[in-house]
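Participant: For reference, the chains in residue letters:
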Amino acid sequence: MNFLERITGSDMNREMKSFELRVKNLPADYQAAWKKINQNIWVHGDFSGRNLMPILESVLELLEVTAADGQPIEEVLGDDIQGFTSAITGHSGAKTYRDRWRYQLNRNVAKKLGGLK
Amino acid sequence: MNIKKMIEEKKNWRAHVSRVKALPQDYQVVYKEMQKYFFKVGPVELHKGTGLLTDIVSFFEEGAAEGKNVLEVTGTDVAAFCDALIEDSKTYAELYQDSIRQK
Amino acid sequence: MGNFREMMKGVLEGCVLEIISHGETYGYEITQKLRELGFHDVVEGTVYTITMRLEKNNLVNIEKKPSTMGPPRKFYTLNPAGEEHLKIFWDKWDFVSSKLDKLKNK
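Residue numbers (the UniProt record's numbering), protein chains in the order written: chain A, 1 to 117; chain B, 1 to 103; chain C, 1 to 106.
Check each hint, because a few of them may be wrong.
Simulated crosslink set (SDA-like; lysine to any residue; CA at most 20 Å straight-line) [stated by the list, open to error]:
no., chain 1, residue 1, chain 2, residue 2
1, B, K10, A, L62
2, B, K68, C, D41
3, B, K68, C, K56
4, A, K111, B, Q25
5, B, K68, C, G10
6, A, K95, B, Q25
7, B, K90, A, D99
8, B, K32, B, I100
9, C, K99, C, G10
10, B, K68, A, G115
11, B, K21, A, A67
12, B, K68, C, N61
13, B, K21, A, L116
14, B, K32, A, K17
15, C, K56, B, K21
16, C, K74, B, T54
17, B, K32, A, E64
These stretches of chain B come out as covered by chain A in the derived footprint (C-beta under 8 Å, 3 or more residues) [as the list claims (entries may be wrong)]:
no., region
18, 17-30
19, 84-97
The set of hints was computed from the structure by calculation and includes no laboratory data.
For each residue, glycine too, the CB sits at the ideal point set by N, CA and C.
Between the sequences and the hints, there should be enough to build the whole structure, so can you do that?
Facilitator: Following this line, the structure appears as C-alpha cells:
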C-alpha cells in the first residue's frame, strides 16, 4: 500500500470490490444478508473503517462455507441481522451473542453427531 | 491484495477443503461447526501464520489416525475447546472497538 | 468450579512442560501419560490447547516427523526459555504447596 492509497483508502475500495466479486457467487438470500450487514456496519465512514475489513472478510468466509453446505441463511445468522452485526463489531450485546453462538455450537454438534449414528 | 496472492490463497484453501473432506464424518461435522463459530467470533489468529484452521485439521487427522471418535479428542464441550484455542487471541471486534475509542 | 478450572490449567501446563522435559514427545503421547498419571478428564484437545500456547510463547522447539500411520506429527522439545519456565513453575509450586501443608497441619 502506498502513501496515497493510505490517505484515500483506495486499497479499501479495491478490497471491497474483491469481496463483492465473491458475494456474486452466493445464493440470493445470502447476498441480501450481506447487503444488510453492510448497511448496518458502516456507521463510521472514516479511518476506523479499515478495521472493519477483517470483520467483513470473516463474515464473507462464514457465508461462503455455509452456502457451500446448503444451510438456510436464517440458521447461520439468526433472524436479527442488526443484532448480529452489532455483535461481530463488538458493540452492545456482543457478550450475549457469544454465549448464544457457544450454545448453538454445542447443540449443533450434539444434534448432527446424533444423526450420524 | 494482488492477483498472485489471491490465486495462492485460493489454491491453499482448496487444499484445505479437500483435507477436511478426507476426515471421518464425525470430525467433519465438528470441524464445520467450529469453523462457523470462529468466523463469527473473529479471532485474529484466523488469518495469521499457518492458520488456526489448518492446525485444527492436522490435529483432527492425528485423532482420526489413532482411531478415536471426535468428541474423545475435543471433549464433549466443543465450545470450551474453541475458546481455549483462542483465549489469548484478540478478536477483530476488539481491535475495531479499540480504534473507535482512540479517536 | 470456575476458579478450580483456572487452577488446573496452570497445573496441567506445568505437567506438560515436565513431560516434554523428559525427552522429545508429541501431543497424543503427552495425553496418554497424563491419563496414566490419573488425570482421567484430560483429552487430546486439552493437551493441544496447551502445546499451542507453549508454541506461541516460544517455549518449545518443534520438529515435524512422518509417522508410521497417519499424518506427520509435531514433536516437542523444551528450548532454554521453556526450561526456565518449568523451573519457575516448580519453584512456585514448592512455595505454594509448602505453605498449604503448613496451613493444613496447623
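Participant: Each hint should be assessed against the structure and marked as holding or not.
Facilitator: Going through the hints against the structure:
no.: 1; hint: K10(B) - L62(A); result: holds (16 Å)
no.: 2; hint: K68(B) - D41(C); result: holds (16 Å)
no.: 3; hint: K68(B) - K56(C); result: violated (27 Å)
no.: 4; hint: K111(A) - Q25(B); result: holds (14 Å)
no.: 5; hint: K68(B) - G10(C); result: violated (27 Å)
no.: 6; hint: K95(A) - Q25(B); result: violated (32 Å)
no.: 7; hint: K90(B) - D99(A); result: holds (17 Å)
no.: 8; hint: K32(B) - I100(B); result: violated (32 Å)
no.: 9; hint: K99(C) - G10(C); result: holds (18 Å)
no.: 10; hint: K68(B) - G115(A); result: holds (18 Å)
no.: 11; hint: K21(B) - A67(A); result: holds (16 Å)
no.: 12; hint: K68(B) - N61(C); result: violated (27 Å)
no.: 13; hint: K21(B) - L116(A); result: holds (16 Å)
no.: 14; hint: K32(B) - K17(A); result: violated (27 Å)
no.: 15; hint: K56(C) - K21(B); result: violated (28 Å)
no.: 16; hint: K74(C) - T54(B); result: holds (14 Å)
no.: 17; hint: K32(B) - E64(A); result: holds (12 Å)
no.: 18; hint: 17-30; result: holds (count 4)
no.: 19; hint: 84-97; result: holds (count 7)
Hint check: violations occur at hints 3, 5, 6, 8, 12, 14, 15; the rest are consistent with the structure.
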